[in-house]
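A.B. asks: Note that UniProt numbering numbers the sequence shown so that position 213 is 213, with each residue one more than the last.
Hint data in this document are derived by calculation from the structure and do not stem from the laboratory. Just so it is clear, the structure is predicted and the values come from calculations on it, not from any experiment. Glycine included, C-beta positions come from ideal geometry on N, C-alpha and C. Hints may contain errors.
To be verified - Okay, the calculated beta carbon distance ranges per label pair:
#: 1; residue 1: ALA196; residue 2: PRO75; range: 48 to 54 angstroms
#: 2; residue 1: ILE106; residue 2: GLN239; range: 55 to 61 angstroms
#: 3; residue 1: VAL116; residue 2: GLY193; range: 22 to 28 angstroms
#: 4; residue 1: PRO112; residue 2: VAL156; range: 15 to 21 angstroms
#: 5; residue 1: PRO112; residue 2: ALA172; range: 29 to 35 angstroms
#: 6; residue 1: VAL138; residue 2: VAL189; range: 25 to 31 angstroms
#: 7; residue 1: GLU117; residue 2: GLU228; range: 48 to 54 angstroms
#: 8; residue 1: GLY102; residue 2: PRO185; range: 33 to 39 angstroms
#: 9; residue 1: PRO78; residue 2: PHE181; range: 36 to 42 angstroms
#: 10; residue 1: ARG250; residue 2: ALA77; range: 49 to 55 angstroms
#: 11; residue 1: ASN179; residue 2: SER105; range: 27 to 33 angstroms
#: 12; residue 1: GLU228; residue 2: THR111; range: 48 to 54 angstroms
#: 13; residue 1: ASP190; residue 2: LEU87; range: 37 to 43 angstroms
#: 14; residue 1: THR74; residue 2: LEU145; range: 37 to 43 angstroms
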Amino acid sequence: MANPTEPQTPLEPEPVEPVAASEHLGVEPVVPEVDEAEVVDDVAEPVVVEPVAPAAVPLADPSPREVVYVQAPTPPAPRGNRGFGVLISIIGAIAFALLYLGAASIIIAFTPGANVEASIGKFLVSGAFWAPVAAYAVFAVLFALIVNRAAWWAHVIGSLFVAALTYAASIAALALASNIFAMTPDQAVDFFGIVAVSPFLLSALALAREASLWFGLAIASRGRRVKERNATERALFEQSVAERRAEYERAHPHP
């Protein structure tokens with residue numbers, strides 16, 4: 001019986017020789033036969049790989065054109081002469097009224113047996129005075145609005161029309177004031193015959209022509225200056241446009 005206090009030496013296992021599986025099973029291993037030439041041919045045959053062209057990538061425009069919007073300068077508005085023409089025409093109508101009153105006073109003064117002061121007072125409130133004055137004012141203003149910046153020759157010709165229209169309108173106004181529709185044809189003919197050769201209306205005809213001519217020349221004088229100013233402003237505008245265009249072309253040259 002062993003002593004429990006003594007250490008026991010562990011038992012070492014006996015070595016066992018390995019036995020091949022073939023020997024254990026009793027079957028010899030079969031090695032497959034390989035054709036060396038076929039293997040060499042398979043390995044030596046090169047593989048050709050066709051190169052693939054890279055896909056074309058669109059390139060950005062290196063220098064894209066920039067669109068620049070430039071505000072075009074506003075051309076100068078042509079100046080007119082109508083306002084000045086209307087003002088001068090009204091002043092001319094006042095001058096015509098004073099001249100016509102003076103001419104009528106002379107006619108009354110040379111009328112035998114006429115009371116000058118009383119006759120002039122009646123004349124001032126009668127249609128024989130106001131009809132030519134109103135007609136002249138209307139036609140002078142209309143003519144000034146029509147001709148605008150016209151030259152002096154337009155006012156020379158226009159003064160004839162203003163005078164003739166003033167004369168005709170005065171006769172028509174006096175005929176209406178005298179209730180010509182109630183007259184017989186013979187009375188109407190006699191009335192027109194008397195009024196047409198009236199020294200008052202004949203003086204109004206002559207004075208209307210002169211007033212329209214001289215005040216029209218004043219309108220034409222300013223009209224000429226206005227046209228020159230318009231031409232100067234237009235030339236400066238075109239020069240400014242040309243300079244801006246040249247500056248823009250220098251800053252943005254064409255490729």
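A.B. asks: So, for every hint listed, does it hold in this structure?
C.D. replies: Hints, one by one, checked against the model:
| no. | hint | result |
| --- | --- | --- |
| 1 | ALA196 x PRO75: 48 to 54 angstroms | holds, 52 angstroms |
| 2 | ILE106 x GLN239: 55 to 61 angstroms | holds, 59 angstroms |
| 3 | VAL116 x GLY193: 22 to 28 angstroms | holds, 27 angstroms |
| 4 | PRO112 x VAL156: 15 to 21 angstroms | violated, 39 angstroms |
| 5 | PRO112 x ALA172: 29 to 35 angstroms | holds, 30 angstroms |
| 6 | VAL138 x VAL189: 25 to 31 angstroms | holds, 27 angstroms |
| 7 | GLU117 x GLU228: 48 to 54 angstroms | holds, 51 angstroms |
| 8 | GLY102 x PRO185: 33 to 39 angstroms | holds, 37 angstroms |
| 9 | PRO78 x PHE181: 36 to 42 angstroms | violated, 48 angstroms |
| 10 | ARG250 x ALA77: 49 to 55 angstroms | violated, 30 angstroms |
| 11 | ASN179 x SER105: 27 to 33 angstroms | holds, 28 angstroms |
| 12 | GLU228 x THR111: 48 to 54 angstroms | holds, 51 angstroms |
| 13 | ASP190 x LEU87: 37 to 43 angstroms | holds, 42 angstroms |
| 14 | THR74 x LEU145: 37 to 43 angstroms | violated, 26 angstroms |
Hint compliance for this structure: hints 4, 9, 10, 14 are broken, all remaining hints hold.
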